[in-house]
Amino acid sequence: MTDKQISKSKQAKEVLREMESQYKSIFESTSDAVLIFGFDGTIVEANPAACRMYGYSYEELIGLSGKDIVHPDYYHLFEGYKRQVKTSGRFSAQSVDLGKKGNSINVEVHGASFSYKGTPHLLAVVHDITKRVRAREILERRVEERTDEIERRRRVAEGLREILAVLNSSRALTEILDFIVAQVVPLLGANAGAIYHIDTTERTIIIESASGMPNEFMAIGTMPLTDTNPNRATLNRQPYAVTDLEAALTTYSTSNPDLLPQLQAWIAAVRAHFGSYLSVPLIVNDKVYGAISIFYNKPREFSDEEIKLAVAFSDQAALAIENARLQQAEQNRQRELQTLLDVAAAASSSLELDEMLSATLNRLVALVGASRAGVMLLDSESGELEPRMIRPEHPVAPEDLAEMCQVC
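Residue numbers (the numbering used here): 35 to 442.
Hints are not guaranteed to be accurate.
Pairs of lysine to aspartate or glutamate, DMTMM-like flavour, derived with a Cα cap of 20 Å [as the list claims (entries may be wrong)]: (1) LYS321 x GLU236; (2) LYS151 x ASP261; (3) LYS151 x GLU179; (4) LYS134 x GLU179; (5) LYS120 x GLU79; (6) LYS321 x GLU179; (7) LYS321 x ASP261; (8) LYS342 x GLU179.
Quick caveat, the hints were computed from the structure, so don't treat them as lab data.
Keep in mind the model is a prediction, meaning the values are calculated, not measured.
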């Protein structure tokens with residue numbers, strides 16, 4: 035070999051060593067995991083980034099099968115990776131790998147055939163895209179939540195329009211309240227609901243309408259108005275939410291061992307079926323009429339938006355109650371007016387006192403729905419009241435007559 039050839043050989047070896055040094059530097063310093071596999075799937079070389087990504091030491095990682103670091107759901111991709119590199123020389127895919135602790139790692143893999151130590155191998159560059167995937171999932175979830183929220187708002191708006199239509203109809207109050215509760219429950223994602231009337235004079239709570247409530251709950255009917263947090267909140271015109279009914283009822287029962295039977299039955303019924311509830315006051319004509327209570331099967335928190343929606347439905351129920359009151363007052367006024375007109379007509383068309391009194395008494399009985407009524411005339415000589423006309427027309431017991439005279 036000539037000196038020139040020897041010189042070229044030395045230069046070639048030097049270039050090769052320099053290239054190997056550069057490749058090794060790149061291999062060890064790159065932030066992506068770089069793995070070299072034999073065609074049987076065994077890891078024969080790995081860079082420090084691969085050790086960090088998968089959580090293994092270098093000694094632990096070398097010798098593992100590719101399937102040891104691939105999620106079972108993605109084994110097929112690893113087998114496809116080996117086949118495709120053999121046929122086309124390259125491979126690219128997104129997959130899910132597993133770290134030493136069993137943690138999932140979203141990865142983007144780029145592979146190619148590779149000659150390592152003079153024999154064919156598979157080279158895989160693995161980029162951790164877990165943060166990117168999580169960010170995309172969060173974005174997709176937010177888009178889905180926003181879409182659901184838009185749909186829910188649409189349903190709520192439609193529900194409010196339907197309630198307004200019912201309010202403007204001639205339906206009875208009980209039917210309107212039933213309709214409102216039936217709308218509130220699904221629109222707020224609840225399982226049951228009820229409208230209560232609080233009678234502060236009688237100190238009672240009366241269920242006026244309900245949807246989805248258990249039979250044992252409805253059988254309770256009227257309950258005593260007790261000094262509890264929910265009742266105080268309602269009377270103070272404030273919403274009240276119980277996120278964990280079991281815990282709240284246990285505390286209340288322990289603190290109040292001598293509960294009335296109705297309250298014991300109420301607690302048992304609620305505890306058996308529900309985990310949380312939201313109550314908002316019903317304000318009618320600037321007075322507390324009662325409350326709408328919405329029940330959920332499981333414990334949960336309530337957002338400000340949900341509370342505002344419940345208040346909006348409560349306002350609709352209050353409007354329905356006020357409209358019903360106004361309609362009833364107008365009907366009573368019309369009946370009273372008609373009675374006065376009928377009495378005036380009877381008085382002007384007859385000179386007979388008994389005939390006029392009979393017409394007047396009949397109208398008054400029909401107006402007030404009385405079961406017993408009478409006309410008493412004052413005897414100017416004795417100064418006592420004497421019955422002139424009785425409804426219904428049958429003999430009146432002396433004690434009843436005495437009572438009627440006393441009232442008069």
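With a cut-off of 20 Å on the C-alpha distance, tell me whether LYS321 and GLU179 pass.
-> The hint is violated at about 38 Å.
Would you mind confirming whether the straight-line C-alpha gap from LYS134 to GLU179 stays at or under 20 Å?
-> Given pair LYS134, GLU179 is violated - Cα atoms ~34 Å apart, limit 20 Å.
Starting from LYS321, check that the Cα of ASP261 is at most 20 Å away, please.
-> holds, 19 Å
Below or equal to 20 Å on CA atoms is what counts here, so check LYS151 against ASP261.
-> violated, 85 Å
Hint consistency between LYS342 and GLU179 [alpha-carbon to alpha-carbon, up to 20 Å] = Given that 20 Å is the threshold and the Cα spacing comes to 19 Å, the pair holds.
For the pair we were handed, LYS120 and GLU79, check the Cα-Cα distance against 20 Å.
-> Holds - the C-alpha atoms of GLU79 and LYS120 are around 19 Å apart, at most 20 Å.
Are the Cα atoms of LYS321 and GLU236 separated by 20 Å or less?
-> holds, 16 Å
Does GLU179 lie within 20 Å of LYS151 when you go C-alpha to C-alpha?
-> With Cα atoms ~54 Å apart, LYS151 and GLU179 exceed 20 Å; violated.
The earlier numbered hints that this structure contradicts are 2, 3, 4, 6.
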